[in-house]
Amino acid sequence: KIQDGCGKVLALSYNDLPIALRPCFLYFGLYPEDHEIRAFDLTNMWIAEKLIVVNSGNRREAEDLAEDFLNDLVSRNLIQVAKRTYDGRISSCRIHDLLHSLCVVLGKESNFFH
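full-length UniProt numbering applies: residue 1 is where the sequence shown begins, and numbers increase by one.
Quick caveat, the hints were computed from the structure, so don't treat them as lab data. Note that this is a predicted model, so its numbers are computed, not measured. Idealized CB from N, CA, C, for every residue including glycine. It cannot be assumed that every hint is accurate.
[To be verified] FRET-style restraints, in silico, Cβ to Cβ: (1) Y86 <-> V9: 35 to 45 Å; (2) Y31 <-> C6: 18 to 28 Å; (3) H114 <-> T85: 32 to 42 Å; (4) K108 <-> C6: 27 to 37 Å.
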């Protein structure tokens with residue numbers, strides 16, 4: 001449960017996320033704490049796990065949407081960019097340990113990790 005003051009404040013950021021973005025955020029709880037995550041691998045896993053859905057079924061559209069979702073999480077300061085490519089795209093990222101703990105707790109509470 002999220003009981004301490006910091007956890008409650010962080011949970012507000014999660015509750016403010018659009019519904020479609022919440023599972024993508026919780027997915028970070030599957031990675032080890034303080035792990036640098038390759039953006040390409042992460043977004044492809046989101047697509048494979050059907051966390052990213054496009055009506056057309058077009059793979060390129062799904063990849064673009066996944067990248068948009070990752071950028072949205074970064075702009076909300078929920079995810080940190082570890083490295084960028086030469087053209088400014090996210091190459092790898094990580095999540096702060098407190099937010100990682102939030103992902104794990106919320107993921108368990110919502111049966112996201114089944």
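The hints, checked one at a time:
{"no.": "1", "hint": "Y86 <-> V9: 35 to 45 Å", "verdict": "holds (36 Å)"}
{"no.": "2", "hint": "Y31 <-> C6: 18 to 28 Å", "verdict": "holds (21 Å)"}
{"no.": "3", "hint": "H114 <-> T85: 32 to 42 Å", "verdict": "holds (34 Å)"}
{"no.": "4", "hint": "K108 <-> C6: 27 to 37 Å", "verdict": "violated (18 Å)"}
The structure shown violates just one earlier hint, number 4.
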